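J.: Chains A and B, in that order, are what the protein sequence lines are.
If you use this note's numbering, the first sequence corresponds to residues 168 to 289, in order.
If you use this note's numbering, the second sequence corresponds to residues 38 to 167, in order.
Don't read these hints as lab results, they were simulated from the structure.
What you are looking at is a predicted structure, and each value in this text was computed from that prediction instead of being measured.
A hint or two may mislead.
[Stated by the list, open to error] Some, not all, of what chain B presents toward chain A, calculated at C-beta under 10 angstroms:
# : residue
1 : H47
2 : I83
3 : Q124
4 : G132
5 : L134
6 : D137
7 : F138
8 : L142
9 : D145
[Said to hold, decoys possible] Counterexamples of contact, computed for chain B against chain A with all Cβ distances above 10 angstroms:
#  : residue
10 : G43
11 : D63
12 : S65
13 : S67
14 : T88
15 : H90
16 : G94
17 : R97
18 : G109
19 : G139
20 : G144
21 : T146
22 : T148
23 : K163
24 : D166
[To be verified] Beyond 12 angstroms from chain A on every Cβ pair, some chain B residues (computed):
#  : residue
25 : I41
26 : T61
27 : P64
28 : G66
29 : A91
30 : N92
31 : D93
32 : Q99
33 : D128
34 : E129
35 : A130
36 : Q136
37 : S143
38 : I151
Note that the Cβ used here is the ideal one computed from N, Cα and C, for glycine as well.
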Amino acid sequence: MIRRWHVGFEVDAETVGDAIDVVEVGDHLCGVVDGAVVETVVAEVLDVGFAAGCRGAGEFVSVVAEGAIGVGQVCVSVIIAHAVCEIVVFGLRPEVFCVGDRSVMALVRAGNDGREHLTLST
Amino acid sequence: MSDISGIWQHASAYGGRNMTIRHTLDPSGSYHTEMVYPMHGGQQNIHHYGTYHANDGKLRLQFDRGETEMVGCTDPANNFPMRPFTQDEIDEAKGLLEQDFGFELSGDTLTTTIQSPMGEMKVAYKRQDD
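So here's chain A without its partners, still in its complex pose (with noise of 0.2 angstroms):
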């Protein structure tokens, strides 16, 4: 685990075996305490459509809905969040907070890949 300040969290996949297991949250985000760390679930079950989106964290603009994701799901509060918005959000969790520009973008790439590409920038 690498951490830099005021950086969300940040992994380096190369030094991670098993990285589906191993989700770790590194700071605060933006002042949000003891934010949720999300429940881990295989990659191949992740819909990461979103991550198109997501070239570089820059693109990222900064409202994420952060929860356990459930096999084949996107709940309909975040895509209708999505719709009113035009935000990117990920998870099921109804909280919504924001985080900064830049703050925290995750990626798991689904495939058979042996579940060690995760990539988690900021």
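Following the hints, complete the assembly by docking chain B onto the known chain A.
T.: Showing chain B alone in chain A's frame:
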């Protein structure tokens, strides 16, 4: 009351999602929103029903009910037939939708504005024929 009745459509590709939102605003004050959201090789369809009031550049929605379905997924197990929103989904939809939107009507473009914690965000809709 400003007359913004009609069918308004917004197509978004943000985040790699080719999402379509279509609002049908009836002159009587009722509205129907249809959202098509690609997912798992298929799409989730969401419908909202309620009433609206538009006046002096402010748009206010009252969300009454919603329905959703998932169709055409690569893995059929992800599909589900049309079902009404759960109470949690209704509450969340109300929280997201029942707030003041700004709007601006210019020709065949309707632009709605919402104040978010990150600043002003706008969505533009094009008028559609019936």
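J.: Work down the list of hints and note, for each, if the structure agrees.
T.: Hints, verified against the model:
1. H47: Hint on H47 (chain B): holds, closest Cβ of chain A at ~8 angstroms, below 10 angstroms.
2. I83: 6 angstroms, holds
3. Q124: 12 angstroms, violated
4. G132: Since chain A brings a Cβ to about 8 angstroms from G132 (chain B), closer than 10 angstroms, the hint holds.
5. L134: 7 angstroms, holds
6. D137: At about 12 angstroms, which exceeds the 10 angstroms cut-off, the nearest Cβ of chain A leaves the hint on D137 (chain B) violated.
7. F138: 8 angstroms, holds
8. L142: At 19 angstroms from the nearest chain A Cβ, L142 (chain B) fails the 10 angstroms test, so the hint is violated.
9. D145: 20 angstroms, violated
10. G43: 18 angstroms, holds
11. D63: Check passes; 19 angstroms lies beyond 10 angstroms.
12. S65: At roughly 23 angstroms from the nearest Cβ of chain A, S65 (chain B) sits farther out than 10 angstroms, so the non-interface label holds.
13. S67: Nearest chain A Cβ is 18 angstroms from S67 (chain B), so the label holds.
14. T88: 17 angstroms, holds
15. H90: 17 angstroms, holds
16. G94: 18 angstroms, holds
17. R97: R97 (chain B) is indeed farther than 10 angstroms from all Cβ atoms of chain A, at 14 angstroms.
18. G109: 13 angstroms, holds
19. G139: 13 angstroms, holds
20. G144: 21 angstroms, holds
21. T146: Given a closest Cβ separation of 16 angstroms, the condition holds.
22. T148: 12 angstroms, holds
23. K163: It holds; K163 (chain B) is separated from chain A by about 15 angstroms at its closest Cβ, greater than 10 angstroms.
24. D166: Since the minimum Cβ distance to chain A is about 22 angstroms, D166 (chain B) lies beyond 10 angstroms and the statement holds.
25. I41: Check passes; 17 angstroms lies beyond 12 angstroms.
26. T61: Holds, since 15 angstroms exceeds 12 angstroms.
27. P64: 23 angstroms, holds
28. G66: G66 (chain B) clear of chain A: closest Cβ-Cβ about 20 angstroms, beyond 12 angstroms.
29. A91: Non-interface label stands for A91 (chain B): nearest chain A Cβ at 16 angstroms, farther than 12 angstroms.
30. N92: Consistent with the label, N92 (chain B) stays out of reach of chain A, its closest Cβ about 20 angstroms off (over 12 angstroms).
31. D93: 21 angstroms, holds
32. Q99: 15 angstroms, holds
33. D128: Non-interface label on D128 (chain B) violated, nearest chain A Cβ at 8 angstroms vs cutoff 12 angstroms.
34. E129: 4 angstroms, violated
35. A130: For A130 (chain B), whose nearest Cβ neighbour in chain A is about 6 angstroms away, the distance does not exceed 12 angstroms, so it is violated.
36. Q136: Violated, because the least Cβ-Cβ distance between Q136 (chain B) and chain A comes to about 9 angstroms, which does not exceed 12 angstroms.
37. S143: Per Cβ check, S143 (chain B) is outside 12 angstroms of chain A; nearest 19 angstroms; holds.
38. I151: The claim is violated: I151 (chain B) sits with its nearest Cβ about 6 angstroms from chain A, within 12 angstroms.
Checked against the numbered hints above, the structure violates hints 3, 6, 8, 9, 33, 34, 35, 36, 38; every other hint is satisfied.
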